[in-house]
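Participant: Residue numbering for the sequence shown follows the numbering used here, starting at 116 and increasing by one per position.
Because the hints were derived from the structure by calculation, they are not lab data.
The beta-carbon is built from N, C-alpha and C at its ideal position, and this holds for glycine as well.
Each hint should be verified, as a subset may be incorrect.
Computed spacing ranges between beta-carbons, pair by pair [as the list claims (entries may be wrong)]:
hint, residue 1, residue 2, range
1, Leu233, Tyr167, 17 to 27 Å
2, Ala120, Gly230, 33 to 43 Å
3, Gln156, Glu239, 26 to 36 Å
4, Gly199, Ala120, 44 to 54 Å
5, Asp130, Gly199, 30 to 40 Å
6, Arg141, Gly199, 39 to 49 Å
7, Leu233, Arg198, 46 to 56 Å
8, Pro148, Leu117, 18 to 28 Å
9, Gly199, Gly137, 20 to 30 Å
10, Ile122, Tyr171, 30 to 40 Å
11, Thr146, Gly199, 25 to 35 Å
12, Gly144, Glu239, 43 to 53 Å
13, Gly124, Leu152, 20 to 30 Å
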Amino acid sequence: GLEKALIEGRMELEDLPAAWNGGYRRLLGITPPDDRLGCLQDIHWFGGSWGYFPTYTLGAMTAAQLFDAAQRADGDILPGLGRGDFKPLRDWLRTHVHGKGSLLSTRELLTEATGRPLDPTVFEAHLRRRYLG
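All chains should be built: construct the whole structure from the sequences, respecting the hints.
Facilitator: If you want it as structure tokens, here you go:
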């Protein structure tokens, strides 16, 4: 990717806009009208947070696994959410996540709360249910 090419020195910073726009054209069939809507549209790059995007996926995977465990533990969570009642989910999160504070590493917390370390199959199942019905 572009970040890796920049970090490894295979691409100069001044070449980034053209590389970004070329990728947009190839993938989406459009060209951003300017750098603000192109390579500078992402606050993470501007702020120096290289390689940040994968953390969103890790967060989504973690959330899906926690929600799956919460639903398995308390059958009223999903119906409660449907009624606008967040208490069952909030109570589960307080007990299994929030109440642990910084006592455990993320891996330890997830394993303790869900019974296993981060498992991509849980996220895959979530995506299949959500988008493939």
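Participant: Let me make sure I understand: some of the numbered hints might not hold for this structure. Which ones are they, in numerical order?
Facilitator: 5, 7, 9, 10, 11, 12
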